[in-house]
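> Protein chains in written order, with this note's numbering: chain C, 1 to 175; chain D, 1 to 226.
These aren't lab readings, by the way, just hints derived from the structure by calculation. Given the structure is predicted, the values throughout are model-derived calculations rather than measurements. Possibly wrong hints are sitting among the right ones.
[What the hints assert, rightly or not] Not everything, but these chain D residues come out facing chain C in the computed CB check (under 8 angstroms):
1. Ala13
2. Asn41
3. Leu116
4. Glu118
5. Glu182
6. Arg183
Each residue gets a CB set at the ideal place from its N, CA and C atoms; glycine is no exception.
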Amino acid sequence: MVERPAREVGKLRRKDDHSLFQELYCRYNPLLFRVAARYFPDAPQEREDAVQNAWLKAFRHLEKARELPEDKVPLWLICITKNEAISLLRRQQPHLPLEEWLPATSPAASSGSVREAIDALPEIYRAVLELKFVAGYTNREIARMLGISESAVGTRILRGRAILKGKLDAEGVSE
Amino acid sequence: MNDQELDLRIRDALLDAAAEEFAGELRSENVLPVSETYRQNMRMLLPKAHRKQRRWQVCTWAAVLILLFGAVLSASPSVRAAVKNWFAAMSDNGNLVYSFAGEGADDLPRYGWPDLPEDSIRSDEMIHLGMSREIVFCDAENQAEMTLTYGSMREEIALTLNTSELESTAVEVNGCPGTLLERQDGENGSWLFWMDDGAGIRFILEGAVPGEILLERAEQIVNLET
Chain C
1 MVERPAREVG KLRRKDDHSL FQELYCRYNP LLFRVAARYF PDAPQEREDA VQNAWLKAFR
61 HLEKARELPE DKVPLWLICI TKNEAISLLR RQQPHLPLEE WLPATSPAAS SGSVREAIDA
121 LPEIYRAVLE LKFVAGYTNR EIARMLGISE SAVGTRILRG RAILKGKLDA EGVSE
Chain D
1 MNDQELDLRI RDALLDAAAE EFAGELRSEN VLPVSETYRQ NMRMLLPKAH RKQRRWQVCT
61 WAAVLILLFG AVLSASPSVR AAVKNWFAAM SDNGNLVYSF AGEGADDLPR YGWPDLPEDS
121 IRSDEMIHLG MSREIVFCDA ENQAEMTLTY GSMREEIALT LNTSELESTA VEVNGCPGTL
181 LERQDGENGS WLFWMDDGAG IRFILEGAVP GEILLERAEQ IVNLET
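Isolated chain C (complex conformation) (with noise of 0.2 angstroms):
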């Protein structure tokens, strides 16, 4: 599932940010550019524009980096740079709703109660606990980058996480 064994990313813990940066840039960067062209097939200079603010944005939280379970830094930086992508593409045509930009999401192939609920969730939920709870952004880059407002950011979060925690507790799964 991902490029390297875990064991190898394990090294990426004990490097200093820039060290860090470096590390994943080489690893991951061919990665985030096929993510990218999942948006951009055939525009490649948005395709780097994408990938280029998906650094950006990872190189100012590097302490998500940090904080995950070694095996789920490419998840990481794929989460960031598909939000980028999708940033990108509302920027070129705002008037299109959030769910035009997103690929098919499949039916959970894994089984979970709360991955199964999560693919049940409104898009506009989903997108922005990706970037709060996944991407480690602020309200405020969130609101950014969605084009809404910080208090509009923190609304959804809170019935987001109501929604899900509604279902986990309905299944019993909360307890």
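Let chain C serve as the given structure and place chain D on it in line with the hints.
Coordinates of chain D only, in the frame set by chain C:
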């Protein structure tokens, strides 16, 4: 399940979802071509370029702090008595650097440019043991990295600048007295020091750009909290 556990489960589930959603990209070894412009832009972000910029800045600060502390020490017996609040360290280039180890500057106002895109900020952190704030950013218009450093003025602090090998010009930044130092070896490189007596803040803006650009950017700095 408490809130923290719920948030972690949400995060892990979102990451799992990404793994499934982008399984093809994760498995693939396809390398897409990138432009030279992209490579150049990324080089600015990577450690080699950053370290070079930091060394330049550290040298500047080393000179300022040595002279500053020297002036203070020779002028004020009370500061000599309080010397325990300072500590000395030898920098990489052999300079002896004195740093203030007293109270930090948590209440330092936020200065900057209201229109500076968030994406252009490389770092924004308290440095010199909390005495100063340093903002490193990429000035898109001039395609150059710049660094703004500012901190509180203390009444016992004197500032003396070593201007050898640099052209020094007295300037004003929004009515505040300052000094512009420019390299004279044909390379772009300028430092702009100024002090806002009213606000009690000293500023340094530096970058590999002509001095006039630094002056222009400095005059756009505002207190973002007012």
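> Each hint needs a verdict: does it hold in this structure or not?
Each hint tested on the structure:
The interface hint given for Ala13(D) holds, since its Cβ lies 4 angstroms from the closest Cβ of chain C, which is under the 8 angstroms cut-off. Taking 8 angstroms as the C-beta contact cut-off toward chain C, the hint placing Asn41(D) at the interface holds, the least distance being around 6 angstroms. Hint status for Leu116(D): violated, given a least beta-carbon distance of 13 angstroms to chain C, over 8 angstroms. Restraint check, Glu118(D) versus chain C: the minimum CB separation of about 7 angstroms is within 8 angstroms; hint holds.
Evaluation of the Glu182(D) hint against chain C yields a violated restraint, the C-beta minimum of about 29 angstroms exceeding 8 angstroms. Here the hint on Arg183(D) is broken, as its CB sits about 26 angstroms from the closest CB of chain C, past 8 angstroms.
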